[in-house]
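Novice: One-letter residues, chain by chain:
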Amino acid sequence: MGVGITVERLNAFYGKTQALFDINLNVAANHATALIGPSGCGKSTFIRCLNRMHETIPEARVEGAVQIGEFSVYNGTSATQLRRRVGMVFQKPNPFPTMSIYDNVAAGLKLNGVRNRKQLEGIVEKSLESAALWQEVKDSLHKKSGASLSGGQQQRLCIARALAVQPEVLLMDEPCSALDPISTGKIEELIFQLKEQYTIVIVTHNMQQAARVAEFTGFFLLGKLIEFDKTEKVFTNPSDKRTEDYVTGRFG
Amino acid sequence: MRTRFQQQIEELREKLLRMGGMSELAVDRACQAYTERDLSRCQLVLENESLINAAEREIDELAFDILATQQPAAVDLRFILAVTKINADLERVGDQAVNIAERVMDMIELPAVELPVDVGRMATAVSAMVRRALESFVEGKAELAQAVLEMDHVVDRMRDEAFIVLVRKMNEEPQSTQQSLDALLVARNLERVADHATNIAEDVIFWVLGADVRHHAQAASGAPATPPEKPAVNS
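Here the protein sequences line up with chains E and A, keeping their order. Be aware that the first sequence starts at 0, since it is given in numbering that gives the first Met the number 0, and climbs by one per residue. Be aware that the second sequence starts at 0, since it is given in numbering that gives the first Met the number 0, and climbs by one per residue.
Hints should not be assumed to be uniformly reliable.
What the hints assert, rightly or not - Facing chain E, from chain A, some residues (calculated, C-beta under 8 Å):
hint, residue
1, 1
2, 4
3, 70
4, 76
5, 77
6, 81
7, 209
Claimed, not checked - Straight-line distance between alpha carbons at most 25 Å, and here's what the computed SDA-like set of lysine to any residue pairs gives:
hint, chain 1, residue 1, chain 2, residue 2
8, E, 240, A, 9
9, E, 232, A, 63
10, E, 229, A, 143
11, E, 229, A, 69
12, E, 240, A, 35
13, A, 140, E, 239
14, E, 232, A, 4
It should be emphasised that the hints constitute simulated quantities derived from the structure, not laboratory data. The beta carbon of each residue, even a glycine, is placed where N, CA and C say it ideally should be.
Just chain A, with the same shape it has in the complex (with noise of 0.2 Å):
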């Protein structure tokens, strides 16, 4: 047992798990600052950017080492794999809660309107996508991570639908143009956040099942194309 290589295994495993965590966090931070109008969670997104980008640095610098001295293989190979493209996915989650909390920020100095899309709803799905992905990295269960998959078509139809109905009242209304372009653009800033989450739900399923299921190109069954010069094999 190499008992070194599993405890860094482990760091990276906890490092990865506070960042999941910082990032959710600042998610939920910007849509309840988004719902309340409320300027102090935006600076707290604001605030807390750095530490997420410290933590990308300090996780990918810990893969990198690990890559470097001790050759991993297989189920530990696809595993820091899939942690350096969370990583990065986190950091990405991360960008786009600075950029709702922005858009709040802007927002509140308008006067409010009411507008036709529920974009609480949207945050709450979109949440739970990011949680599940993190749960599913935490148990590396690829069925939950399949689930988050599956999430993400919902995110896209809300999407959809908030573009087809804020556009609408633009038309209708130019008068709250602002507010409603501000809405479109953090339902698309949450649809976002639904596809890094997504990618992180692909991620665990590589890392689980050594499955490519990206872009669709492969159920996530677990048994990756069988080769084509298949040599025989001790029955």
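Looking at chain E on its own, in the form it has when it is part of the complex (with noise of 0.2 Å):
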């Protein structure tokens, strides 16, 4: 099941950069909540420090407390602990090219010790079901490399791989931005499934993928949590006057 997310008095620098300015917000458990808002805001930067991918950054540093169910984000958990409770799928589908569609699920159950072929199939067949993919490969699991599937497929091998480790939270860094439309439909559609097990926060320049997707959406602009509310009240009738500018169309 997905937990929830508390970020208190969150800042995040590049060097002398300040990107973030004290984030407070709150992510329900097994809710989709979205991210938006014009490039440069930090909203994939607000995301990266929820499983610690910002310090990996040379000069990059995070102040402030993120709590995710009840493990201490910044205070006491190794960054190996937490991303196995934390998965993330990327703007760019990047299934591991030389490994098979099956390789590609096990491989993180591999890294943490998995090693019984029963138990692994099991996983990895469960996974690419959740992940909405086990029906178009499952004939060609040893026989085909992930890289060789098409991009949403590949994106859906990612999503699968994520799920492998049985995440509590899935973090989405645009997930469909390199899809078509029929790709970003299955993504869509799967996202919808997914928050029922898990705890989704997905960043998107698409404001109606949030609108479709999402409970929850947070307008990011300049570094600052704007406006956090329910989707529709955000869509249509935004608190703030710049958040309601931005999702018209009236800048970005």
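Using the supplied hints, reconstruct the complex from the two chains, each of which is provided in its own coordinate frame.
Specialist: Structure representation (structure tokens):
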């Protein structure tokens, strides 16, 4: 099951440049939360702070507190421990190109020491089913490489890979921006199903996508969280003029 | 800035205003036709109905086109939804004007009788409501729209009073029953025009404030109900 995320006074920096300013936010468990805003507003930086990927950039640092379930992200939890519980899917599908479909999904499990073949097979099948890819690849699990799949299939393979280690939170950073409308539709359907079991945070440039898949939406601008509310409120009657200007296309 | 989109929104606004002008004129002509027993004005109302119907279709088509191609949100989405509803109300206002005109055409064939009801005063109030509702749309002002909602009670009372005195007249003077009945039906048509003006005002409030004030659901405060599970917001 998914867990909630609590963010308190989060500030993020790239060297001397501050990218996020005092972000306070509660992400509800087992819901999809969308983060929108113009390029450079800090939404991707924010999502990368949730699984400590931000700190992998030289001179980048974070201040503040992030709590994911009972885990304190910046106080006593190792990045490896954390990322077992917080999966991530990126803008561009990035399957391991030389590995088979099966090995792509099993990679995280093997790294975590799972060796039992039956157990591995079971989890690979379940993960591919959850990612709505099983029917399309079940006959070529070992024959085809991850890179041989279409873009949409590759992205679903990456989702299956993330699900295989049974995370509680799934972060998605513009997961459909490189996909055609049909593949995008499949990923959106998937998000809808996955939120029954996982907490999903999705960064998207596509406002209609945010409106379609997320129960809650946050609008970022210049490193600040301007508004966070129910999605329908943000898209029909936002509280802040800046949010309204952005969702109506008056700037950005 | 989405220039093309803003042009389409402006075009929609202009088309609705033109239609509003036609519907308002139709009601005014029908009311003048009643008070002056003027057949030529009745005919004008009937002739212009097809123009109002054509305008309604044009507005719906443009709104549909914008919804399908531009995916409007927030204030723009509320504006387009409001326009489509106001459009339907204006078309119905045109229909009520036609009903009045047809009633007047029947009345003219009967001898004039003194009736204990001031339909002219009611018509003035109703015309003012339609005009103010359209003004609130032109200026995007919820307070003007709110004033229209309050005027509706006055017109309702006028209709109730007309009903009482005209029924009494029918009982007392059966020979003028047809004239009394015509006046009663005109009063009812006018009251319906007032209801459409009220709907238009409610739609303007929805567009401007995002508040649903239909059926007295909520005060026009501009602050819709707080979501029950509202998450924490950045302070």
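Novice: Any hints from earlier that this structure breaks? Give me their numbers in increasing order, please.
Specialist: Violated hints: 6, 10 and 12; rest satisfied.
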